[in-house]
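Colleague: So you can see what is in the structure, the chains are spelled out below.
There are 6 protein chains.
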Amino acid sequence: MGKGDAPGDRYPAQPRHLTALGLPLPSRDALPADLQKYFRICEEKIGFLPNVLAAYSVDEKKLRAYSGLYNDLMLDESPLSKLEREMIAVVVSSANRCYYCQVAHGQAVRELSGDPTLGELLVMNYRAASLPPRQRAMLDFAHKITATPEAVVESDRAALRDAGFDDRSIWDIAAVAAFFNMTNRMATAIDMMPNPEYHAKDR
Amino acid sequence: MGKGDAPGDRYPAQPRHLTALGLPLPSRDALPADLQKYFRICEEKIGFLPNVLAAYSVDEKKLRAYSGLYNDLMLDESPLSKLEREMIAVVVSSANRCYYCQVAHGQAVRELSGDPTLGELLVMNYRAASLPPRQRAMLDFAHKITATPEAVVESDRAALRDAGFDDRSIWDIAAVAAFFNMTNRMATAIDMMPNPEYHAKDR
Amino acid sequence: MGKGDAPGDRYPAQPRHLTALGLPLPSRDALPADLQKYFRICEEKIGFLPNVLAAYSVDEKKLRAYSGLYNDLMLDESPLSKLEREMIAVVVSSANRCYYCQVAHGQAVRELSGDPTLGELLVMNYRAASLPPRQRAMLDFAHKITATPEAVVESDRAALRDAGFDDRSIWDIAAVAAFFNMTNRMATAIDMMPNPEYHAKDR
Amino acid sequence: MGKGDAPGDRYPAQPRHLTALGLPLPSRDALPADLQKYFRICEEKIGFLPNVLAAYSVDEKKLRAYSGLYNDLMLDESPLSKLEREMIAVVVSSANRCYYCQVAHGQAVRELSGDPTLGELLVMNYRAASLPPRQRAMLDFAHKITATPEAVVESDRAALRDAGFDDRSIWDIAAVAAFFNMTNRMATAIDMMPNPEYHAKDR
Amino acid sequence: MGKGDAPGDRYPAQPRHLTALGLPLPSRDALPADLQKYFRICEEKIGFLPNVLAAYSVDEKKLRAYSGLYNDLMLDESPLSKLEREMIAVVVSSANRCYYCQVAHGQAVRELSGDPTLGELLVMNYRAASLPPRQRAMLDFAHKITATPEAVVESDRAALRDAGFDDRSIWDIAAVAAFFNMTNRMATAIDMMPNPEYHAKDR
Amino acid sequence: MGKGDAPGDRYPAQPRHLTALGLPLPSRDALPADLQKYFRICEEKIGFLPNVLAAYSVDEKKLRAYSGLYNDLMLDESPLSKLEREMIAVVVSSANRCYYCQVAHGQAVRELSGDPTLGELLVMNYRAASLPPRQRAMLDFAHKITATPEAVVESDRAALRDAGFDDRSIWDIAAVAAFFNMTNRMATAIDMMPNPEYHAKDR
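Chains as they are written, first to last, in this note's numbering: chain A, 1 to 203; chain B, 204 to 406; chain C, 407 to 609; chain D, 610 to 812; chain E, 813 to 1015; chain F, 1016 to 1218.
Watch out, some of these pointers could steer you wrong.
Which residues of chain C face chain D? A partial, calculated answer using Cβ under 7 Å [what the hints assert, rightly or not]:
hint : residue
1    : 428
2    : 449
3    : 596
The calculated BS3-like cross-link candidates involving lysine-lysine, where the alpha carbons are at most 25 Å apart (straight line), are [to be verified]:
hint : chain 1 : residue 1 : chain 2 : residue 2
4    : E       : 873       : F       : 1097
5    : F       : 1076      : E       : 874
6    : E       : 857       : F       : 1060
7    : D       : 654       : C       : 467
8    : A       : 62        : B       : 285
9    : B       : 404       : A       : 62
10   : E       : 1013      : E       : 894
11   : D       : 753       : C       : 550
12   : C       : 468       : D       : 753
13   : A       : 62        : B       : 347
14   : D       : 670       : C       : 467
15   : F       : 1159      : E       : 894
16   : D       : 671       : C       : 443
17   : F       : 1097      : E       : 849
18   : D       : 753       : F       : 1060
19   : E       : 956       : A       : 144
20   : C       : 451       : D       : 670
21   : E       : 849       : C       : 550
22   : A       : 82        : B       : 265
23   : B       : 248       : B       : 347
24   : F       : 1076      : E       : 894
25   : E       : 849       : F       : 1159
26   : B       : 404       : C       : 443
27   : A       : 61        : B       : 285
28   : D       : 753       : C       : 488
29   : A       : 62        : B       : 240
30   : D       : 670       : C       : 468
31   : A       : 37        : B       : 265
32   : E       : 874       : F       : 1216
33   : F       : 1159      : E       : 956
34   : B       : 264       : A       : 61
35   : A       : 144       : B       : 265
36   : A       : 61        : B       : 265
37   : B       : 264       : A       : 62
38   : D       : 671       : C       : 468
39   : D       : 810       : C       : 468
40   : A       : 61        : B       : 404
Please keep in mind that the hints were generated in silico from the structure rather than gathered at the bench.
All values reported here derive from a predicted model rather than from experimental measurement.
For each residue, glycine too, the CB sits at the ideal point set by N, CA and C.
With the sequences and hints as input, model every part of the structure.
Modeller: Following this line, the structure appears as structure tokens:
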């Protein structure tokens, strides 16, 4: 309990479950060797195993499918920088109000940009951030395809081209924004909780 | 031109492009053997190669990542029937007004259900369909996680459990609904056009 | 039951009722001679009596008032072609997600345009269609007066004039769009079902 | 100019045009005798000719079709009282923010109810009014079919039945609410202005 | 009861309570002398004590805090005329559908402008009013910061500057619009009813 | 610049201006003695002078009016704890996506609750937090009066009473929620930036 002054302030600790579903997780040792190695690498690079990977380990095939797509989009070569991809992730996750993804990718923006304020701005309202026109156009597109996908037309693609993006980059902006519209909904639908370690990192 | 009676009726043919992006596609022969085989199997089963696969062939890794996830969710084992998964696909795609996915998965519902009317109902307004409580609950959840993901809470999962779904099924309902929130946005963002063959099938 | 593979797939047939209201319909013979003739002409031209006319036959005065307005707007002389009027009908009905009107007027667009794809596009998302600027402006106006009527101002009428419409045409665009905002809501409010014959026509 | 104190307060008089369209109106004498008589009766009963009738006189057939439907719904026999029909008119017109119809039918509610406050409440926010359950249910249905027609389902009709309405009454609630969704949009689309006499009546 | 013709028309009188909360009000004599004087001045100028002041008298400190802010914003010096500030009040209150504030400030617009029609237009749909560009820009900003505050950016301030407002005026437009977003919600949250005398004034 | 890897990552520092308006601020020494003292007390308690107070010092009367209301609502006696009032502040500010208030009051929740996670949850999506029914009801009311004020009715007040709140508490919940609907819009309208010190506090 904090410095509050009323009985109502004795609220419970915030949720620590992996997800709201009661699905049995395999023991770490039971995973195939390559996945055990993948998890160890994650832990070394990030400092802990992201809960999303623990949650997907409920089914080996689903874990491979999910992480294959994630790694291609977020870590593999792209005309977009890793920071730009994380910025899209946060803006999409904020529009969808996905708690898991705002926490995890907000931290990534803080780390990759070296600017904790930028991470907060993208979580809270990206329109208040100072951004070069290229990134403003990128985030406007990501926000529109998230919030009103039915209204995206050729002039929206043209705005990206006007901001200097080629068609290969447009594919990646679209693909990253689309991907987080999936993961946001999966995480919210099963109430996936982020690792608490994210909160204090890179502040 | 049809039976219309004014100059305005001489409008252009509807779009036939694969996508609005000018990305070079590899020749079919240049694909690795396993992907060539995968495409041939698709053509045999469906009668043509779905444009989404042709579009993703722009990048072999992206094609593998996308089709890996698709096949796991839509074709592999699940407590949901294939028809149920396609019903979710159509309701999500209708909420997002994705032209490609409404066309392709609307056809799948017509084919798998043997009821052309059901396909139309799910495209146009799933609330007007006659559905058993189990499928109504499933589609209500899929629609809500699509339209107002920020508002999905425990009582929404409880409604699925009340309708008879176990937690493994809830994962799959969530995962399929989430997946089409991705593909809908990718298809719309790059203006992917469906194969015209879908329109007349299973009417 | 179709090719699905789970118990959930044994869902009931889709609704066949005329409306959800238990109002007694007069026998066809009890209608005045001119209405009997009107119904016969409809059947000859369309191949069946549209359910909307059967439903309105519950009250002779209401049937005359409704069909009088319908015939004036959709069949009588107008600077808009019949196809253009049907295109407005479908776009409005899609925005309101009226099942009856999307089915019946989607078929009319397929028939009048000779292009089944156009009918599907207008049902699913008219923004994805290839349209000349005149028809794009017409449908944008029809969509806006449907979805956000409070926001329609002089610049919206100016956009129609810029696209070549005179004030008489603007009246008709407004009147047709307004009319389907009525019929969509009447059909949905009483759950009016379309004749099943529409589904397979002109595919 | 009023008691304001800045140059900005010298704004122009509010609009007095019939509509924003430049369509020639026939002289009153040129109308067929029955319509001349209809207009005279309106003037005698209301004190002036409502602008909507003047506007529709641009086309005799359209005038007959419009007024035929209006008179059947609003003036003819119905299980709903005339006041109830006007209450629906105001709530629908307020949801659509149609200036013409809020003015004209707000006055009708003030006159028929003898309660000027009720007219204001229905224009401004019907949820703040004191209403018996029957009329609350009626207005909730009218509001929902106006604002979110796609979401109206059987439970909405059941709520009307629970409030004591039979199916014939449900038809009329639906028909009146639907009608004003048409006229609201027609009036807004062509910027139809109400007669200024309405403003001070029955305050 | 009015001229209606059905049992449903015998509805109860509209609400006369001060608020929906059962909080004891101090007797007028128990108020400090300066507040008694303030209330007397209000009654002399307006003809009655506005219910909002009676409601806030439940707590002397809250009454002072509220009226201090109100008087500074609405009655003190400003580059905006009093009428302009009342116009903002009505447009904001209409967007939020606050019954109390639409009634009270609609009357103020009628009185200050000497134009009863203007008051009605701003309550019903300000977009239908004839306004000079300065006031249109002012009301567009007030409406946007009310309805979609998250989307207000530099170009919205630029539009005010283009319409001739300096930064001191922009502060006041923002402050008045923001203030009514507070009072609208307070009045609605506790169901505060306006004095009935407002309805007939300045018609 | 952070660890990003593309030219796009060299974006400008985030905004440091007090507001987007070019209004001259008085020197601190020019303020009346009591306000100088008030500012010193703020600095001692908080560690810095909140930018909102610096911004309002543009006008002494406005500063007094604003801080008088703020202090009464947030710091004075209330049946709500200070933490509860800050929780309302964050949920309202998140719904309105006000950057300033989410930053400043998010920090206050972290500090008063001693739970950094709670602050993040309320910024990102309060529905994902673990809360006792009392606080859930309080935040649901605050969110509804913010997002859809027109729809708040007696049953919403009843839900607060069912959760144990008396009418005096309902006043305060309403007043605090209403207040942040004002300050959120003022801060966004003039692009007020929060002190950077908030970001790292109480993580």
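Colleague: Would you mind marking each hint as holding or not holding in the structure?
Modeller: Against the structure, the hints:
no., hint, in the structure
1, 428, "holds (5 Å)"
2, 449, "violated (23 Å)"
3, 596, "holds (6 Å)"
4, E:873 x F:1097, "holds (18 Å)"
5, F:1076 x E:874, "holds (17 Å)"
6, E:857 x F:1060, "violated (44 Å)"
7, D:654 x C:467, "holds (24 Å)"
8, A:62 x B:285, "holds (17 Å)"
9, B:404 x A:62, "violated (32 Å)"
10, E:1013 x E:894, "holds (18 Å)"
11, D:753 x C:550, "holds (19 Å)"
12, C:468 x D:753, "holds (23 Å)"
13, A:62 x B:347, "holds (23 Å)"
14, D:670 x C:467, "holds (17 Å)"
15, F:1159 x E:894, "violated (31 Å)"
16, D:671 x C:443, "holds (23 Å)"
17, F:1097 x E:849, "violated (34 Å)"
18, D:753 x F:1060, "violated (51 Å)"
19, E:956 x A:144, "holds (18 Å)"
20, C:451 x D:670, "holds (24 Å)"
21, E:849 x C:550, "violated (53 Å)"
22, A:82 x B:265, "holds (17 Å)"
23, B:248 x B:347, "violated (33 Å)"
24, F:1076 x E:894, "holds (18 Å)"
25, E:849 x F:1159, "violated (37 Å)"
26, B:404 x C:443, "violated (37 Å)"
27, A:61 x B:285, "holds (18 Å)"
28, D:753 x C:488, "violated (31 Å)"
29, A:62 x B:240, "holds (23 Å)"
30, D:670 x C:468, "holds (17 Å)"
31, A:37 x B:265, "holds (23 Å)"
32, E:874 x F:1216, "violated (31 Å)"
33, F:1159 x E:956, "holds (19 Å)"
34, B:264 x A:61, "holds (17 Å)"
35, A:144 x B:265, "holds (23 Å)"
36, A:61 x B:265, "holds (17 Å)"
37, B:264 x A:62, "holds (17 Å)"
38, D:671 x C:468, "holds (17 Å)"
39, D:810 x C:468, "violated (32 Å)"
40, A:61 x B:404, "violated (32 Å)"
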